[in-house]
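Engineer: Listed below are the residues making up each chain.
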Amino acid sequence: MIVRISDDAAALACGADAVAAAFEAAGQPVQRVSSWGMHWLEPIVDVDGVGYARATVALVPAILAGTAETIGAIASYPFIARQTRLTFARAGKTRPLSLDDYAATGGWVGLAAARARGPAETLETVLQSGLRGRGGAGFPTGIKWKTVAAAAADRRYIVCNADEGDSGTFADRMVMEGDPFMLIEGMAIAAHAVAAGKGYIYIRSEYPHAIAKMEAAIGLAAPIVAPFEVEVRVGAGAYVCGEETSLLNSLEGKRGEVRAKPPLPAHEGLFGRPTVINNVLTLAAVPWIMANGAHAYADFGMGRSRGTIPIQLAGNIRHGGLFETAFGISLGELVRDIGGGTVSGRPVRAVQVGGPLGAYHPPSQFDLAFDYETFAESDGLIGHAGIVVFDDSVDMAQQARFAMAFCAIESCGKCTPCRLGSTRGVETLDQIIAGKNVEANLALIADLSETMKFGSLCALGGFTPYPVMSAIRHFPEDFRHHSQTQGLAA
Amino acid sequence: MGAEDRLTTILNRHRGREGALLPILHDVQAGFGHVSETAVRAIADDLNLTRAEVHGVVTFYHDFRAEKLDRPCIKLCEAEACQARGVAELRVLADAQSRVRVEPIYCLGLCSIGPAAMVGHDVHARLDVGSFAALIAGQQ
Chain A
1 MIVRISDDAA ALACGADAVA AAFEAAGQPV QRVSSWGMHW LEPIVDVDGV
51 GYARATVALV PAILAGTAET IGAIASYPFI ARQTRLTFAR AGKTRPLSLD
101 DYAATGGWVG LAAARARGPA ETLETVLQSG LRGRGGAGFP TGIKWKTVAA
151 AAADRRYIVC NADEGDSGTF ADRMVMEGDP FMLIEGMAIA AHAVAAGKGY
201 IYIRSEYPHA IAKMEAAIGL AAPIVAPFEV EVRVGAGAYV CGEETSLLNS
251 LEGKRGEVRA KPPLPAHEGL FGRPTVINNV LTLAAVPWIM ANGAHAYADF
301 GMGRSRGTIP IQLAGNIRHG GLFETAFGIS LGELVRDIGG GTVSGRPVRA
351 VQVGGPLGAY HPPSQFDLAF DYETFAESDG LIGHAGIVVF DDSVDMAQQA
401 RFAMAFCAIE SCGKCTPCRL GSTRGVETLD QIIAGKNVEA NLALIADLSE
451 TMKFGSLCAL GGFTPYPVMS AIRHFPEDFR HHSQTQGLAA
Chain B
491 MGAEDRLTTI LNRHRGREGA LLPILHDVQA GFGHVSETAV RAIADDLNLT
541 RAEVHGVVTF YHDFRAEKLD RPCIKLCEAE ACQARGVAEL RVLADAQSRV
591 RVEPIYCLGL CSIGPAAMVG HDVHARLDVG SFAALIAGQQ
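So the protein lines, in turn, are chains A and B.
When the letters of the first sequence are read in order and numbered with our numbering, they come out as residues 1 to 490.
When the letters of the second sequence are read in order and numbered with our numbering, they come out as residues 491 to 630.
Pulled out of the complex, with its shape left as it was, chain A reads as follows:
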């Protein structure tokens, strides 16, 4: 009998360690594996492929005796069976730090293919796959890599952006905690393609478990990826460092202030050298592409969004977790059919897609297809593919205020529209919430949002208007009911 329990932070936060210890105490060894991504069922105990959900220490004897209630074969559970898992193919199945498990499940095949075919063909494969930056910007990865490869330099860098600060996202964390060798392999392929000798993974300090796993994995994989070297660097609690130029400054030991572009990091990045800077999910997709071919990957998806996207279902949702699927699935299918609606049981009122800088969508937009261009056309963004669901108890004026307040807390201070605009935005929204000069202040917010959108150096100030203006556009009643009550009294 093989018992598997995840040691992903989501499982740990739900009590997985105590359950695992109870099995060990009963004489049953436990394999600590990655997470299936069905977080609402954690901790999940996997006994020879059969799952026991929300396990507790008290439930352990019944599980061992085979009398506990089961969810059946985990791999065929509907939430898992409906997915197309390329990046998360190993999720729930392998021990994160086992080189044997990794090699037995297709690990290092992509790197071997890249080495056999050479840098030029590797670059072409990544380009042809249609892979775009999964951090949110959606820039074609192959073009970025080719730019770095073509830049004249004494040395080049690979930087992995693991500063996953968006609320509603955890896919990067799951890759690093659950399948760290895949990320290292992706970075090694990038290094081979652009002739880089050193790679950095910049991980946020809020992810101590991911940091520990990545550092251990780097030590184990060092001989395999040599002479390429990888090192973890830890962030220090600044959301803005998820912006690539700010991240590069932070890596250099400076304040995490945004740099003006140009020069692009591909030309002058880390320490002024040509640098590939990609999100975790972008680099993690590369081993599969190299192993299975560009066309196999590009066969998934819609329009110019090719391949799969690991979507994170979060917030007030019944079935929260990781859902990897081809681009093109509708927002409503994700929230209602797969997510099962709200966990509170109340009606869904708003869904924020793409993190704190993403738009709020009402259920009337649930036919939107998950695709970079489709969301852009509807004044939204996919971002890092986090979906946060709110029920009808949400006050959208408060959510708009929070978006401005968050921008004010996290602004690096380099550019005026973001640094001052966010604070003026909070003040103006406070006026609106207090019912003072509501129409005039709403016009002011619209004007301020234009200034921030087009005048900010980076996406922090530039995209904060998305949640603010979408809340005002789709939920106007939340901004005006204050004026009807308090305004009349004044």
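One or more of the hints may lead you astray.
Listed below are the simulated SDA-like cross-link pairs for lysine to any residue, each with C-alpha atoms no more than 20 Å apart in a straight line [stated by the list, open to error]: (1) A:Lys198 to A:His209; (2) A:Lys198 to B:Ala534; (3) A:Lys254 to B:Pro594; (4) A:Lys254 to B:Asp517; (5) A:Lys198 to B:Gly509; (6) A:Lys146 to A:Leu127; (7) A:Lys254 to B:Arg507; (8) A:Lys436 to A:Met469; (9) A:Lys254 to B:Pro513; (10) A:Lys198 to B:Arg507; (11) A:Lys254 to B:Ala534.
Chain B stretches covered by chain A per the calculated footprint, using a threshold of three residues with CB under 8 Å from any CB of chain A [unchecked claim]: (12) 512–522; (13) 550–557; (14) 569–576; (15) 586–597.
Simulated from the structure, these hints should not be mistaken for lab results.
Think of the CB as a built atom: it goes at the ideal place given N, C-alpha and C, for glycine as much as any other residue.
Mind docking chain B on chain A? Use the hints.
Structural biologist: Then chain B, alone, in the frame of chain A:
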């Protein structure tokens, strides 16, 4: 080992590293509980930076503190996903006591099982008023 020796040990550990300032500051914060004015001077001297440059970096990042905390600290996620799952109630509870410092943190990546909090490296999810009160009470 005295404070000065411990600081020297940290500086020696990172000698020759590219962009060593953040790793040094993390070690100082972890080892001393804060980044003191004395430490800023020593680091600046060692890295051939001005004190202003080091001070600018220390104050930019939320993780580095000028003063030691005088109380235990819980980091409570108050970002959108935990807002959607009712963290506001927990904030009310946190503000009604002063024995434990409850700092807001913007996202622990536990967005499907919030409200979530972290104490040291221990993570807690599915918090409600009862379990959060117990978490606060359990801090020495």
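Engineer: All hints are to be evaluated individually against the structure, with a verdict given for each.
Structural biologist: Right, here's what the structure says about each hint:
1. Only pairs whose Cα atoms come within 20 Å are accepted, and Lys198 (chain A) paired with His209 (chain A) is rejected, the gap being roughly 23 Å.
2. For the hint linking Lys198 (chain A) to Ala534 (chain B), the alpha-carbon distance of about 26 Å lies beyond 20 Å, and the restraint is violated.
3. The suggested pairing of Lys254 (chain A) with Pro594 (chain B) is violated, with an alpha-carbon distance near 24 Å, which exceeds 20 Å.
4. Straight-line distance between C-alpha atoms of Lys254 (chain A) and Asp517 (chain B) comes to about 16 Å, which keeps the hinted pair within the 20 Å bound.
5. With a CA separation close to 14 Å, the supplied pair Lys198 (chain A) and Gly509 (chain B) stays within the 20 Å bound.
6. Proposed proximity of Lys146 (chain A) and Leu127 (chain A) is supported: the alpha carbons are some 9 Å apart, at most 20 Å.
7. The hinted pair formed by Lys254 (chain A) and Arg507 (chain B) meets the criterion: a straight-line CA distance of about 14 Å does not exceed 20 Å.
8. Between Lys436 (chain A) and Met469 (chain A), the direct Cα distance comes to roughly 19 Å. Compliance with the 20 Å bound is thereby established for this hinted pair.
9. For a cut-off of 20 Å, the pair hint linking Lys254 (chain A) to Pro513 (chain B) stands: about 12 Å separates their Cα positions.
10. For the hint linking Lys198 (chain A) to Arg507 (chain B), the alpha-carbon distance of about 13 Å falls within 20 Å, and the restraint holds.
11. Our distance criterion of 20 Å between C-alpha atoms is met by Lys254 (chain A) and Ala534 (chain B), whose separation comes to about 13 Å.
12. Counting residues of the region 512–522 of chain B whose CB lies closer than 8 Å to any CB of chain A gives 4, so the stated coverage by that chain holds, three being the minimum.
13. For the region 550–557 of chain B, the proposed coverage by chain A is satisfied: 5 residues have a C-beta within less than 8 Å of a C-beta in that chain, meeting the threshold of three.
14. Counting residues of the region 569–576 of chain B whose CB lies closer than 8 Å to any CB of chain A gives 7, so the stated coverage by that chain holds, three being the minimum.
15. With 3 residues having a beta carbon nearer than 8 Å to a beta carbon of chain A, the region 586–597 of chain B meets the requirement of three or more and the stated coverage holds.
Going through the hint list in order, the structure does not satisfy hints 1, 2 and 3.
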